[in-house]
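Peer 1: What follows is each chain in one-letter form.
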Amino acid sequence: MHAKRIVSGFAKSTAFLTLAIGLSAISSMAHAQSAWPTKPVTFVVGYPPGGQTDFAGRVVVANMQKELGQPIVIDNRGGGGGNIGSDIVMQAAPDGYKLLVGNGVITINPHTYRSTPMVDPLKFTPIGTLLTSGLVLVVPATSPVKDYKQFVQYIKDKAKTPEGVNYGSSGAGSLTHVTMELLRERMGKPEMNHVPYKGTAAVAVDLIAGRVDALFDATSVISPFIKSGQMRALMVTSAQRVPALPDVPTAAEAGVKDFEIISFIGLYGPPKLPADVVKKANSAMNVALKDATVRKNIIDRGDEPGGGSAEDLGKLTQTHFKLWGGIVKANDIRVD
Amino acid sequence: MDLFANLALGFDVAFSLTNLLYAFIGCLLGTLIGVLPGVGPLATIAMLLPATYALPPVSALIMLAGIFYGAQYGGSTTSILVNLPGEASSVVTVIDGFQMARKGQGGRALAASAIGSFFAGCAGTLVLAAFAAPLTQLAFKFGPAENFALMVLGLISAVVLASGSVIKAIAMTVLGLLLGLIGTDVNTGMTRFTMNKPELIDGIGFIVVAMGIYGYGEIINTLSQHRSERRVANTKISGLMPTRQELRRMFPAIFRGTALGSILGILPGSGAVMASFAAYTIEKKLPLTDGEVPLGQGNIRGVASPEAANNAAAQTSFIPLLTLGLPANAVMAMMVGAMMIHNIQPGPTVITSNPALFWGLIASMWIGNMMLVVLNLPLIGIWVKLLSVPYRWLFPSIVLFCAIGVYSTNNLTFDIWLVGIFGVLGYVFIKLDIESGPLLLGFILGPMMEENFRRALNLSRGNWSIFFTQPLSAGLLLAAFLVLVMLMMPAIKKKRAETFVED
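So the protein sequences, as listed, match chains A and B.
In terms of this note's numbering, the first sequence opens at residue 1 and continues consecutively.
In terms of this note's numbering, the second sequence opens at residue 337 and continues consecutively.
Treat the hints with care, as some may be off.
[As the list claims (entries may be wrong)] If you want a taste of the chain A side facing chain B, the calculated C-beta under 10 Å gives, among others: (1) N76; (2) T112; (3) G188; (4) M192; (5) N193.
Because the hints were derived from the structure by calculation, they are not lab data.
C-beta: ideal position from N, C-alpha, C; glycine also.
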């Protein structure tokens, strides 16, 4: 860890020297109260480099460190369904030097993992939303279903045949799985068989080939298949239509009320993070997210830039935590 | 013909000075990280991805592709010289490559690997250019039942591949399967054999197992011998280039490897690994010519053929990526990420909407392969000299680099402990005279096989006929059955015994 810290300029401040000599941890906390940050900040990412969560952290780092005047180090701590990274920040001192780039999956994990302890996402101090992304409901292009209304009828009819209905997901207990369970509940619980896959690539092949009947997945990964005409999109779960798919209706437009589901990635601090640190970090994040290049990088990837207040992220975390708690219990989805 | 016009367009794009430069940087960087054990192309590409924002998309992809081949090539170097397979597909290269290095023929093995890779790379690129569009349909034909059948064939061949006792080979395959089961079960999401360790929820990484069993196991074994009897490497290096006779044996092997690799590379997931194992199996089954050492004891065919196979597969694995947007492995998934960042949607439209990019990338693959040969043939002398470093310096460096490489993926010290444990296990295997190849193959294919098997039954509502009613799946299972029969036939059994009895 220590080796990873970047010393940015020798004569940065006497405060830094004091720290480097390691006089006392208490003095560093006193500094944190007033002048955070006085040394490099670590963003813990609970996944290996390369995924969406890692991207969410890296995309804002350059602008945020300019704003905060201290380097930001990304620390990938993969494993445990993202929980290893979350746990590190949960246990960290509330001095603002270890923050979490947290995937919204932290609001699902505690419900689906029953014997492995998962961190309680409500205990984190929310700082701000980095990015959000909607899900899209797709069927194979060869399917006779053209819109959501036909979809409901088709599923209900096919569920009664011996063949039955198969729906794919990118993993048991993943957002793509629980979202379809929620929709199934709304359709009046027709018999639907869940077929989990490892990630999107494998399930995409089987959907296009018609081996599974339906799938929810992130718009960013699915839109190329829709554009190429191999899959047909029925609705998106975000509040507004997605720029990449302007012709696809939102859930509300398609006739499903209260079906706003997004995957989100937020910046969180350990419990009891001082308010002034939250405020400073939040404003630096918002400055970064307003930068044209940062926005372009996020949008080009198919996600939407986040932003907003710490309370917004807190509310987002709470509603999703409550929502998934209900769905998981009602459908007895469990991971261990 | 269209193909030539397209290739001309591609070379036009790739031969610009800047793109040549990026191809060179990528290959060099890739070779370097490939030579460092454990630091794989995945981590490197992830780190470099933000740096490519500023580059034009074609240049960025050319550089990333260069890293990918370079790393693959560099990985073979460590496999041959210090018994460290950096990637699943170079596990079999270790067997004969390291034996050759011990006999002082490390240079020849490296040259065989370079030449084999280059030829396969060229052929693979041609296949990619000519058949990309029609071959994509093949990938769609592979559902869970077909994937399962293919892996059954692969695993049974692995037993055939192993030298010595069939019982040991089966035991190792099963042990590999069991190790592969550690982690989260894809079908139910349940965690298995994790002993409540959160570090094990995502399973054990391939690198951890390979480094431990091959790298650390070999080091422990060497250290356990008295200095006078150590056979680290013959310091007398006999020639850097293969002899004319070796070349004559090598080339047909390269052809066979290339053909296998080109076909298997198209399949998502396990293509390159299966290709290299299958190529090795075939070489092992072919009769030896006069004066040729058996495979497993340092035969040049055992290096050239699997190396050709994995490189050809590396090329053709771009087919599902470029035409379907479906990444065959994690590195390819990063390439998709890179394309999306540059606002290119990979998928069937990429050939028509971005012809310069598509054909430019294909041309740059060929250039990258050539650059690797140009870069690496002169370097062979330097790599081989590495072996003349006294062992008391060499082994701590290998231990250290492995630890750094393993740590860098997840930043977990737990993984380093695991490498240690597998090192001890590897030492035990050497002492018991058991080959580790089947274990690795079982470890990689086991979880995929289980996943596909259960998915197929999930889709068919538990009806087993799904494996036999699909012609592809039925054909592959039949082939697996024939291999099994061959294994049991007494005549072949006798020949096995003759060939594989250790001296």
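Peer 1: All hints are to be evaluated individually against the structure, with a verdict given for each.
Peer 2: For each hint, the structure was consulted:
1. N76: holds, 6 Å
2. T112: holds, 7 Å
3. G188: It is violated, given that the least Cβ distance between G188 (chain A) and chain B is near 22 Å, above 10 Å.
4. M192: violated, 12 Å
5. N193: holds, 7 Å
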